[in-house]
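S.K.: Now for the letters of each chain:
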Amino acid sequence: MNAELVSELKAPLQRAAARARIVSTLGPAILLAGVGWALVQPYRITLLHPRGQGFWWLFVEPPLLVIAVGLFFHFVVLPGLLDDLEEEHATAK
Amino acid sequence: MQPPSEHVHWLFATGFLLLGLCLLGEAIVGTEVWRRRAWRAYLWPGLAFALGVLMWPVMTFYTNSAIHMLAHGAWAQMLMIAGAAELGLVRGKLQSQWWRLAVTAGFLVSGSALLVHEQNTWFFQRSSFLHHLMGWTIVVAAIFPLARAIKPRSQVAATGFALTFVVAAVMLYCDRDVAPVFGHISELAGTPHR
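Chains as they are written, first to last, in the numbering used here: chain A, 1 to 93; chain B, 1001 to 1194.
Looking at chain A on its own, in the form it has when it is part of the complex (with noise of 0.2 angstroms):
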């Protein structure tokens, strides 16, 4: 076999994988962004002193709003998208 063909073969394998592990971190950077930020400011989060706060304080809780929209990416849009890049790559081998 030629070596130029197994390279060109292996190429789109590897961009694939590559798109699928770059996609899958973003979730978890989010995540951790918003559990950093938790930790840095932790008054940000006035579930934990929750007395006398009103309905809007203890609503909007933007550390937790970060780590929620991490959590529903990872969990809810990523688990579809791999599954379509590993069907896409199947159908274009």
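No lab work stands behind these hints, which were simulated from the structure alone. It should be emphasised that the depicted structure is a prediction, and the values quoted were computed from it without experimental measurement. Careful: at least some of the hints might be erroneous.
Stated by the list, open to error - Covered by chain B, per the in silico footprint, the following chain A stretches (three or more residues, Cβ under 8 angstroms): (1) 23-32; (2) 46-52; (3) 74-88.
Built from N, CA and C at the ideal position, the CB exists for glycine as well.
Fit chain B to the given chain A structure using the hints.
M.R.: Frame of chain A, contents of chain B only:
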């Protein structure tokens, strides 16, 4: 039970962050893969349209000044037009890629609205600084939707477009009603509440 304006900014930040993350996902895996599921294809234009709709209550309830109302109203309309144009493109009702320029116009109007409705100087207090910064960021970032309209397959344009929303989300999360910025706060701004 009207939320303080900083809470509204943080809620919009959450929408922007999710939008940015999804657009970044699309930029990484490619539009063909992203659009394999209908809900994902409609997510960005649907969210843009929804953000436009949600801008109407902001216009109605946060009537600090006439310029606030006009800016929020123009912003609401432009976001809805941009979202609708993208919805039309995804659905196939609109064929010309030049409809993508509606998003460029959306960025320019949004950036201008942010700049126009901030009457104070950069270092008046934190929200003033962030409104100026966000306004100029979005005006300059209009280059990305423009590039998407001209070269729909451009990876740089797609990534820049997505990151604009992530950056805007970070700025919106930093927003506070009364807070110093880099040690500056005007005496006229009031007392920082936290």
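S.K.: Give a verdict on every hint.
M.R.: Hints versus structure:
{"no.": "1", "hint": "23-32", "in the structure": "holds (count 4)"}
{"no.": "2", "hint": "46-52", "in the structure": "violated (count 0)"}
{"no.": "3", "hint": "74-88", "in the structure": "holds (count 8)"}
In summary, the one numbered hint that this structure violates is 2.
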